[in-house]
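Enquirer: Listed below are the residues making up each chain.
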Amino acid sequence: MGNPVMQFQMISKKPDETARFYSELFGWTIDADNPMGYRRIDTGSREGIQGGIWPAPPQAPDFVQLFVAVGDVQASVQQAEGLGAKLLIPPTLLPEGDEMAVMHDPAGMSFAIWRRA
Amino acid sequence: MIFANPGSTVGYIPISRGASQCPALRSKSIAVAVRRGYDYIRMQGQQFRTRLQEELDTRSENNPRYSLRAFAAFLGTDHSTLSQILRGKRRAPAAQIRQWSKKLGLDSEEAAAYIAAEYVPDTATTERENQLRHWTAEAMAIVTEPAHWEIVRLSRTPHFQTDCRWIAQEIGVTVDQVNLAFNRLLRLRLMETGAEGAWIDLTNPPALTEKEFRRAALARVREKAAESRTKKRRIT
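Chains as they are written, first to last, in the working numbering: chain P, 75 to 191; chain A, 513 to 748.
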């Protein structure tokens with residue numbers, strides 16, 4: 075199965091403006107009609123990966139985060155911690171059944187470990 | 513989907529910060545030149561003393577009898593001061609960097625970059641400042657944004673729905689505000705999710721008031737900040 079990058083996520087202090095910009099620029103469809111009110115990006119192509127937009131806290135920089143698929147989120151978190159990563163959001167079940175955790179790699183870069191429902 | 517990091521601000525310090533603290537860089541042309549050409553010096557953490565040491569090493573290689581005293585005399589300072597600067601025991605003042613740069617044949621733009629580098633905090637200081645900013649922001653958000661408490665309060669009610677749109681409507685804030693607050697509650701381990709995505713309030717006691725919640729949440733911020741410092745020490 076491997077551990078593919080499943081999704082990108084833009085963390086933006088101005089999520090609506092970000093959504094507007096990219097949808098106008100690339101014709102992406104952005105839909106927030108889901109229990110988290112999460113702005114899901116449909117790039118309109120089967121190539122590449124799909125994404126999403128999440129609001130950034132005021133003190134945070136805007137950045138892009140990658141979601142890597144794993145079979146066991148808890149085990150991957152432990153493995154990552156053993157390699158020097160820092161856990162930010164513990165394994166969390168989302169309303170639609172996905173499970174994810176957010177970590178900082180040893181260089182301080184944020185990434186998500188994700189298991190699809 | 514979802515969940516950003518907690519607002520790490522780790523990274524690049526804008527040149528303007530160093531420049532604003534540094535009288536030598538108030539000249540617009542020099543500041544522009546620094547941004548344009550010599551930013552790498554600052555980004556690599558290279559200091560003027562490294563440049564001095566390189567120069568001394570080169571001269572010593574070319575002339576094995578060349579001494580620290582000779583180099584100090586060339587620069588127009590005493591060998592004790594120069595020795596302390598080379599060993600990092602004291603910082604070279606801006607005026608001296610400018611004067612010595614001329615003697616070393618560096619142009620004014622490069623001198624300005626070295627002066628700026630002296631005013632940029634080192635990596636450890638920057639990291640400490642970032643951590644302080646981050647945890648202060650977390651604490652302020654808990655104090656000033658009622659959405660945190662409202663989510664916890666609602667989660668204890670029988671009609672609670674794990675739908676951010678519903679929560680936003682119930683408490684009169686935007687969905688983004690709900691998500692940011694929920695994200696923070698997860699980070700601070702004040703909430704977690706359970707089977708089928710249920711939101712579980714981890715605060716105590718069960719009959720929590722808003723004031724008690726804030727107190728517990730702020731205590732958790734302090735714990736997490738302390739934990740983060742301990743982990744950092746363990747890694748480094």
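Simulated from the structure, these hints should not be mistaken for lab results. No experiment lies behind these values; they were computed from the predicted model shown. Keep in mind that a hint or two might mislead.
As the list claims (entries may be wrong) - Stretch-level coverage of chain P by chain A, calculated; a stretch enters the list once three of its residues show a Cβ under 8 Å from a Cβ in chain A:
(1) 94–101
(2) 109–123
(3) 151–165
What the hints assert, rightly or not - With beta-carbon atoms standing in for the labels, derived distance ranges:
(4) P:D105 x A:V655: 56 to 62 Å
(5) P:Q153 x A:P576: 51 to 57 Å
(6) P:R94 x A:A707: 44 to 50 Å
(7) P:A149 x A:S740: 19 to 25 Å
(8) P:A149 x A:L616: 55 to 61 Å
The C-beta atom is built at its ideal place from N, Cα and C for all residues, glycine as well.
Enquirer: All hints are to be evaluated individually against the structure, with a verdict given for each.
Expert: Each hint, compared with the structure:
1. 94–101: Result for this restraint: violated, n = 0.
2. 109–123: It holds: at least three residues are needed, and the segment 109–123 of chain P offers 5 whose Cβ sits within less than 8 Å of chain A.
3. 151–165: The restraint on the segment 151–165 of chain P holds, since 5 of its residues have a Cβ under 8 Å from chain A and three suffice.
4. P:D105 x A:V655: 56 to 62 Å: violated (34 Å)
5. P:Q153 x A:P576: 51 to 57 Å: holds (55 Å)
6. P:R94 x A:A707: 44 to 50 Å: violated (37 Å)
7. P:A149 x A:S740: 19 to 25 Å: holds (24 Å)
8. P:A149 x A:L616: 55 to 61 Å: holds (57 Å)
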